[in-house]
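**Q** Mapping of the sequence shown onto my numbering: residues 12 to 196, in sequence order.
Hint data in this document are derived by calculation from the structure and do not stem from the laboratory.
Among the hints, a few may not be true.
What the hints assert, rightly or not - Here are the simulated DSBU-like pairs of lysine-lysine, each with C-alpha atoms no more than 35 angstroms apart in a straight line:
1. Lys-122 / Lys-66
2. Lys-89 / Lys-66
3. Lys-196 / Lys-45
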Amino acid sequence: MKRIDFVSEVLKRETTIGAILPSSRSLVRKMLAKVNFKSAGIIVEFGPGNGIITKEIIRRKNPETRLIIFEVNPDFFKYLKATIGDRKDITIYNRSADLLTETLHEEGIDKADYIISSVPLIRLPKTVSENIILSAHQMLKDGGLFIQFQYSLMSQRKLKNLFKDVKTNFAAINMPPAFIYICTK
12 MKRIDFVSEV LKRETTIGAI LPSSRSLVRK MLAKVNFKSA GIIVEFGPGN
62 GIITKEIIRR KNPETRLIIF EVNPDFFKYL KATIGDRKDI TIYNRSADLL
112 TETLHEEGID KADYIISSVP LIRLPKTVSE NIILSAHQML KDGGLFIQFQ
162 YSLMSQRKLK NLFKDVKTNF AAINMPPAFI YICTK
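Let the sequences and hints guide you as you build the complete structure.
**A** Quick look at the structure:
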């Protein structure tokens, strides 16, 4: 997806897209640094946008690892479907991430190993953002990781109240710079 198309989507749907530009390689690297791709059975991605992080997950994951993607934006959803194509190991939903529990149960999945999120939690209605965080916690295996990036530290307290351990990293080489929460269940 061209940068101009991405910016156009941001302007049309500013409440569901938190970024002003696609994520940098530095942010992608830091988001995925703690993912053990060799042992991951189920990876979930929330809000991939134009798929910068998604492409790296696909490149690094095992062929038998399932990737379940939630993208609420219809144009990004179509782009991802066209880019990724039909694969048995990847399912893309045009749904909100707060439907995680129901969706994984539909897929016959009990728990995920990793949930990678680019959803702009502070821009969403409070109930939606709380449901996303709660369902992520509920649907992670014990010891699983919820990895979330944001442009502020405003979600930190919510995450620390729910997860056993929350570490924060910083991606300075991103526009704008971003905080990365690595939350262990």
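**Q** Determine for every hint whether it applies to the structure shown.
**A** Now for the hints, and whether the structure bears them out:
1. For the given pair, Lys-122 sits about 23 angstroms from Lys-66 by alpha-carbon distance, which is consistent with the 35 angstroms threshold.
2. Between Lys-89 and Lys-66, the direct Cα distance comes to roughly 15 angstroms. Compliance with the 35 angstroms bound is thereby established for this hinted pair.
3. With a CA separation close to 14 angstroms, the supplied pair Lys-196 and Lys-45 stays within the 35 angstroms bound.
In this structure, none of the earlier numbered hints is contradicted; all agree with it.
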